[in-house]
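Q: For the record, the sequence lines run as chains A and B. Counting in our numbering, the first sequence runs from 1 upward without gaps. Counting in our numbering, the second sequence runs from 1001 upward without gaps.
In case anyone wonders, no lab produced these hints; they're calculated from the structure. Keep in mind the model is a prediction, meaning the values are calculated, not measured. You can trust all of the hints, since none of them are fake.
Label-pair restraints from in silico Cβ distances:
hint: 1; chain 1: A; residue 1: Ala56; chain 2: B; residue 2: Lys1487; range: 26 to 32 Å
hint: 2; chain 1: A; residue 1: Ser158; chain 2: B; residue 2: Val1482; range: 55 to 61 Å
hint: 3; chain 1: A; residue 1: Arg101; chain 2: B; residue 2: Gln1346; range: 45 to 51 Å
hint: 4; chain 1: A; residue 1: Thr180; chain 2: B; residue 2: Asp1460; range: 52 to 58 Å
hint: 5; chain 1: A; residue 1: Lys67; chain 2: B; residue 2: Leu1020; range: 52 to 58 Å
hint: 6; chain 1: A; residue 1: Lys67; chain 2: B; residue 2: Glu1350; range: 35 to 41 Å
hint: 7; chain 1: B; residue 1: Leu1008; chain 2: A; residue 2: Ile173; range: 32 to 38 Å
hint: 8; chain 1: B; residue 1: Pro1352; chain 2: A; residue 2: Ala74; range: 35 to 41 Å
hint: 9; chain 1: A; residue 1: Ala32; chain 2: B; residue 2: Arg1285; range: 24 to 30 Å
Below are the DSS-like pairs computed for lysine-lysine, each with C-alpha atoms no more than 30 Å apart in a straight line:
hint: 10; chain 1: A; residue 1: Lys105; chain 2: B; residue 2: Lys1492
hint: 11; chain 1: B; residue 1: Lys1284; chain 2: B; residue 2: Lys1102
hint: 12; chain 1: B; residue 1: Lys1495; chain 2: B; residue 2: Lys1284
hint: 13; chain 1: B; residue 1: Lys1244; chain 2: B; residue 2: Lys1284
hint: 14; chain 1: B; residue 1: Lys1287; chain 2: B; residue 2: Lys1244
hint: 15; chain 1: B; residue 1: Lys1284; chain 2: B; residue 2: Lys1247
hint: 16; chain 1: A; residue 1: Lys105; chain 2: B; residue 2: Lys1494
hint: 17; chain 1: B; residue 1: Lys1247; chain 2: B; residue 2: Lys1287
hint: 18; chain 1: A; residue 1: Lys105; chain 2: B; residue 2: Lys1495
hint: 19; chain 1: A; residue 1: Lys105; chain 2: B; residue 2: Lys1487
hint: 20; chain 1: B; residue 1: Lys1102; chain 2: B; residue 2: Lys1287
hint: 21; chain 1: A; residue 1: Lys109; chain 2: B; residue 2: Lys1492
hint: 22; chain 1: B; residue 1: Lys1244; chain 2: B; residue 2: Lys1382
hint: 23; chain 1: B; residue 1: Lys1102; chain 2: B; residue 2: Lys1382
hint: 24; chain 1: B; residue 1: Lys1492; chain 2: B; residue 2: Lys1284
hint: 25; chain 1: B; residue 1: Lys1284; chain 2: B; residue 2: Lys1494
hint: 26; chain 1: A; residue 1: Lys109; chain 2: B; residue 2: Lys1487
hint: 27; chain 1: B; residue 1: Lys1102; chain 2: B; residue 2: Lys1247
Ideal Cβ placement from N, Cα and C applies to all residues, glycine included.
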Amino acid sequence: MRADKAPHVEDAPETDLPETDEEILTPEQLAAAWAAEAPEPAGPVANLVSSLVAMALGIAGLLLSLKLGLGTPAEPRPGMWPFIVSLVVAVLSVVQVVIGRAGGKDGEKFSSYSWYAGIGFATLVGMVLLMPVVGFEIPSLLLCFVWMRWLGGERWRSATMYSILIVAAFYAIFIAALGTTIPRLF
Amino acid sequence: MDFFGPVLDGFGVVLDPTNLLYCLLGVAIGMLIGVLPGLGPAATIAILLPLTYGVEPVTAIIMLAGIFYGAQYGGTITSVLLRIPGEASSVVTVFDGYVLAKQGRAGTALGIAAIGSFIGGTVGIIGLTFLAPVVASFALDFGPPEYTALALLGILLVATISGGSKIKALIAAAFGLFLATVGRDIFTGAERFTFGNLSMADGIDFVPIAMGLFGVGEILYNLEERHRAASAPATVANVWPSRKDLKQASGAIGRGSVLGFFLGILPGGGATIASLAAYAVEKKRAKDPSRFGKGAIEGVAGPETANNAAATSSFIPLLTLGIPANATMAIIFGALLIQGVTPGPQLITEHPDLFWGVVNSMYIGNILLLIMSIPLVGLFVKILRIRAAILAPITALITMLGAYTIRNSMFDVMLVVLFGALGYLMKKFGFEPGPLVLAFVLGSLLESSLRRSLLVLEGDPTGFFTRPISATLLVTFVIVAVWPMIKTVLDKRKKANAVLSDPKVKEKV
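Using the sequences and the accompanying hints, generate a full structural model.
A: This is the structure we're talking about:
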């Protein structure tokens, strides 16, 4: 095993060293390493909740479609096709509740880093709310700074510098060059 | 000649300076996002959709196509240098590419990959040139029942081939079909699920869905997924492979081209599957399979050739049948619809300038990419040093401001952000956004074909099976749908047998 791991000793002297991160890995080892680094699957609770949400959407679709009227296959009314599609959603969600009860391998568990995505979302919403009021420059600057300093771990100085540069570049492209009507302060 | 006239006119379209510029822009962006881990081609194309509003349809699609096949070139660089696949279609390249880089042969690996990509891409375009008109003329006879069956099969294949839970992917697809029904019913004029809201009467717009689910969803997801710190080597020496390397790789490049081309045509197929299959084929064919994973040049050449051939040929179902074969094609489909062009068998005859313009632009694009990946590779290696923390807000701002420019509406931007949150949550809970977008795009085609078929067949669903093409497609549909269940049962039996025979094995050992 060791022998055929290092076929060209002169090309790859590292292969005889003990395993480190820089070690040349076989595809199987690499796949295993990736699997170990990958986030944990979402788990049974997440599966149950998400499947129930999907089921609720399916049932809501069924009821709304019924209100539109189904008709017959020869003369379908507007609700027929949405009814079929909602039925598929509802039935498959029930199947998923059962099949995924042990958790399955899909999805990802929320981690402490998931807050980053939450903060990112909040800043995007904030930008949408602020842009019509104060123009795009200040919200963009704040967004860049928050994303770089706290979500990206940049230093104060580089975050400040890059934020200003980026917003200036966007101003130059979207306002000065393209002449778009994005709400702006200046 | 009848056939070559439009083809040659297509070159005239490509050589228009604006189109050339957008082709260059497209492939350069594609190469960039291929190099940078994080956003993939689907997300990038979605984010850049607003850019296509102001230009001619052919120019827009030339650029979007360039992003797609350009990403296949760029994805190689991080696979080889950092052991991080830039794109899903370059995952297998890591196995041998990174080892070659460790042996000081990174240049060789990148050079062979670039040449293989170029050849694969070119073979794909030539195949596309000759096969597409044949498929399109065949499909001209398709009626509503055939389209119903084809759209159903396309959605099912994309959903079942995506990674993760297949049932969840199907739920996402069905939900996409439901979203497509919102708005005025084209047959009766009745308003569906609009809740009296006037702006919903025309249906939900495709662009905010695509930009949100793919673009913002991916951006939010990347905020959470901290990129592993990776230090890129400053320079890559000697990208020109030697004659010996080329000779060794030529077989793999040839096989990869053909294999990739055919896998790319299949719905649900595409670059990722093609690269996996090519790696498997090369390993199987090799005289000494143990060389693979230890720096076999064929292990880089085969998959890299195949993913480019497949990226090119996956345009065939889109441009000839109007059925996108994967999520990225679904977005390009949406972009065409925005431009008022409906992809389908009539495209070649009705818009020959668009069809041949786009196809022929790929020759130019591939040449540009070859230049970027061999003489200019050093530039892209340097780009690897840009930190993700600085790129993330840039992509976010491009998306937000871009979304606003579509209709000068803050409401659209809010929709994009909300769909972004949905996309992020779907990903976390194991629902792929790809099938949803694909089904949404095909939704109205599927519904109207189904209802027209039922009118023709006088409400008798068994009529689908009396027409040979729709019958074949539907039988395939049923097989694809039922096969996973049969397989689970078979696997369980096998496992049961294995458990039964296990004690004996242990005794023997």
